[in-house]
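Undergrad: As a plain string of letters, each chain reads:
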Amino acid sequence: MTSFRNFIFLSTGLTYLLIFIGGLVRVAGAGMGCPDWPKCFGRWIPPTSIEQIPSHIDPATFNIVLAWIEYCNRLFGAIVGLSITITLFLGLKYYSHLPHIKWPLISAFGLTLFEGWLGSVLIDTVLNPVTITLHLFFALIIVMLLLYVSQEAYYLDNPDAEKQSKYPSNMKALFGLLAFTLLFEVILGTEIRGGLEMIRKENPMVNSQFLIDMLGPFKYAHSILGFFITVLCALLWYRVVKQSLNPSTLMVQTSTGLLLLIMVQIITGEVLVFFDVIPLIQLFHLWIASWILGIISVQYCAWKRSGLIDE
Amino acid sequence: MVPGILFLALGANWVIQKADRSHDIPIIKEVPDFIFHDQTGRLFSNERLANKITVLDFMFTSCTGPCPLMTSNMTDLYQEFRNVMEVQFVSVTVDPLIDSESKLKEYADFVGVDDDRWQFIRSDLESTKDLKQNGFMLYAGELPQGHAIKFILIDQDGNIRKYFDGTDEASLAVLRKDITNLVKELRS
Chain X
1 MTSFRNFIFL
11 STGLTYLLIF
21 IGGLVRVAGA
31 GMGCPDWPKC
41 FGRWIPPTSI
51 EQIPSHIDPA
61 TFNIVLAWIE
71 YCNRLFGAIV
81 GLSITITLFL
91 GLKYYSHLPH
101 IKWPLISAFG
111 LTLFEGWLGS
121 VLIDTVLNPV
131 TITLHLFFAL
141 IIVMLLLYVS
151 QEAYYLDNPD
161 AEKQSKYPSN
171 MKALFGLLAF
181 TLLFEVILGT
191 EIRGGLEMIR
201 KENPMVNSQF
211 LIDMLGPFKY
221 AHSILGFFIT
231 VLCALLWYRV
241 VKQSLNPSTL
251 MVQTSTGLLL
261 LIMVQIITGE
271 VLVFFDVIPL
281 IQLFHLWIAS
291 WILGIISVQY
301 CAWKRSGLID
311 E
Chain G
312 MVPGILFLAL
322 GANWVIQKAD
332 RSHDIPIIKE
342 VPDFIFHDQT
352 GRLFSNERLA
362 NKITVLDFMF
372 TSCTGPCPLM
382 TSNMTDLYQE
392 FRNVMEVQFV
402 SVTVDPLIDS
412 ESKLKEYADF
422 VGVDDDRWQF
432 IRSDLESTKD
442 LKQNGFMLYA
452 GELPQGHAIK
462 FILIDQDGNI
472 RKYFDGTDEA
482 SLAVLRKDIT
492 NLVKELRS
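One line per chain: the protein sequences are X and G, in this order.
Here the first sequence stands for residues 1 to 311, where the numbers follow the working numbering.
Here the second sequence stands for residues 312 to 499, where the numbers follow the working numbering.
One chain only, chain G, in its complex shape (with noise of 0.2 Å):
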């Protein structure tokens, strides 16, 4: 009887631990340092990355082709955590050279951007060739047009932690069931 219930005891335990570690999200890489502006001009870093959960994209502002739809999701998620002050929205602009600091503030005003919770950032061609190809494991060979379609999420200690379909909605769904995970595990 006794090493029955112990038996029980020991593989509910197994499993309870396994649940609870099934809505774990494993750890991908750490994103490297990085100096960028803001769309006001301020810097930027991968600093501002500590303590937000944070969702990153890489975007340019003239783009016509997925980039409306990735826009007007990230904006869909902008509004939605509106109360959760650990959450941050971050868009890269892939397209410098016509993207300035200006240009970037116009575009944040024209999603609607109220507050310091999105973030248009900006460097050099160079830098952000690096960032989005050995930072992030994005192609970029061809920027501005070759940029990636993906909504990235990176944690409280800036480790990249998943990659999402900035267009489809059911990958975006997770997303959204991740960013809470993350915010809980902040949290606690």
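Chain X extracted, bound-state conformation (with noise of 0.2 Å):
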């Protein structure tokens, strides 16, 4: 059972480590790294010379940095994959007999299945657009489950957590609404940085102030849409940390990290639309939109279990 817990904490770590690595990937421009799946230019272990590639490749796809990137990437989803596989085995092992844990893995397995199915849709069709949005939305989706399964494991052992809190229960709405415009806005920004990239491709002088004129209402909606979760976010504060009675340390911590969080997201977005489209920033501002995510539904889960002021 130990086991089982302990697998269930890596693979949530180790897949919000792939959701950066993935990420990285992105922004170096190393997604076309190995031009065919699942074998990097026809070999398990990518070239390291331009002598290597198989005739039916053609050669000026070759670029070793950005080959061995997107290997690392592959290499690093595939530890990730069996770490979710061997979690899903304790899991049924253990505790076949709770739902709400057997599904959330089940699914999450599943889907981590698609995503590496996903990532050869991607070779294919030469990182569709729309591909790499659904391969980055997935991802999110499994994390959320893993996380969501870690907890009720951690539960498990500690079934007096939150017993002692009791949360407005009228709360559901905002954690639904929440989840669902930080998706969305998650998919906005994907397709802000999409845009820049065709852009770019197209008009490879052009400066950052000029592309990001060019971006069009893309830009706008997800500033409006960011002002609006960090309004639903301070709301979220207020009711689990004013309107609550003996909020748990995990509720106040996490609600305070949450607009910590936040903030750095409009900081670093205003760095990239103001200064310039900064690739490790770009990165970074992603990666935090995974991790409030996580928040919301760490939260959410707490939530639930606790005893709940009628309102």
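Careful, some of the hints might be misleading.
Stated by the list, open to error - Here are the simulated lysine-lysine pairs, PhoX-like style, with alpha carbons at most 25 Å apart:
#, chain 1, residue 1, chain 2, residue 2
1, G, Lys414, G, Lys440
2, G, Lys461, G, Lys340
3, X, Lys39, G, Lys329
4, G, Lys440, X, Lys39
5, X, Lys93, X, Lys166
Calculated from the structure, these hints are not laboratory results.
Just so you know, these numbers come straight off a predicted model, no measurement behind them.
Fit chain to chain and form the complex, with the hints in mind.
TA: Here it is as structure tokens:
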């Protein structure tokens, strides 16, 4: 049972890291580093020199740095897949009688297989923008499922957690709305990124500011929705911290953390718009969005357990 | 937590920079000074390489070996980069005794050159040999027969950046990408 807990925590952490690495592949422009799938230039270990490239693949596509970046991403993806498989195996072994652990795990595992397949579609379609967004979207769903199971596993060992706390009862809509708008915001963000890349490809000489101007309405939608999310998070903080009886440390800390992360998102977002489209900041902007979603999921799960205040 | 994030940020930054620099093409050497004449009789010296991305080859008009294929490939490039004014093409004749200015002009017309983005240049045999052997490090023992089939990519500062096989499609695919990257570099 301890082994299950270790593995579900490990899988969750690794999946977060994989989202980071996936984002890194994207900003490094290494998505097509290997033009084939699952092998890389027809080899299980990428070529180290141009002579090793099979004749049916255009050698112009070979860039040793990009090939190895993409290869590391795939290798790490395989490790995460393995970790989730072991977690599923242990979960079914010990907790097959608990549907709230069994089904999220099975779904996470199924979606992980689907993600691997989407990875191959990405290569086949030479990074089709919709597929890239789906690839990220399902990664976010997987990590939320894993977080949920991690938390439930924690509660199995700490059955009294959250039982002393009482939160407002009518918060389900707030959590739902937040999760939905956050996912939508992430999709809008990827549209902006995709748009930037497309404009850059066709106009290699334009500067960042002009690039942002060429984006059109998407960037406003992203900002307006961001503002809306900020308000919702402030409301969440108020309800959890101020309108609850004896809120747990987890809830108070995650609420404060949420506001801090939102602030970081506003700052990084503005830096991207007003200064320069800096790849490293782009990467963290996306990764932190996945943390925010995770926090919402953790809070929802804790809220559900507690005694609720009728209003 | 903070050291972990810092570590990730530094690692990611390193990877991004590596990826950025992976598009760079190393500088091999500078093209030495030379003064040739183009097909219209105007001077063409190494100064004309400045602020242009140049693809240069050695050829002669009456060549029947690999030259027709090289010329056809160069023509394709010339047409493809029609709208990119930073890119120019230079063909150096290794048979200046036969290839007079008028002969080169005739040849340029024949392959469809209609602007000054592609120059055919000539000098005396000695200067040609010197430029080829010492300037471009290509064998120039028995001109015109032993001329190279290389396309040479030269940057805006007159540096040789890379050699390509002018008869090989795969090699030319790499050349196309490298030209684009150098133009981007020049424009930024």
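Undergrad: Which hint numbers doesn't this structure obey?
TA: 4 and 5
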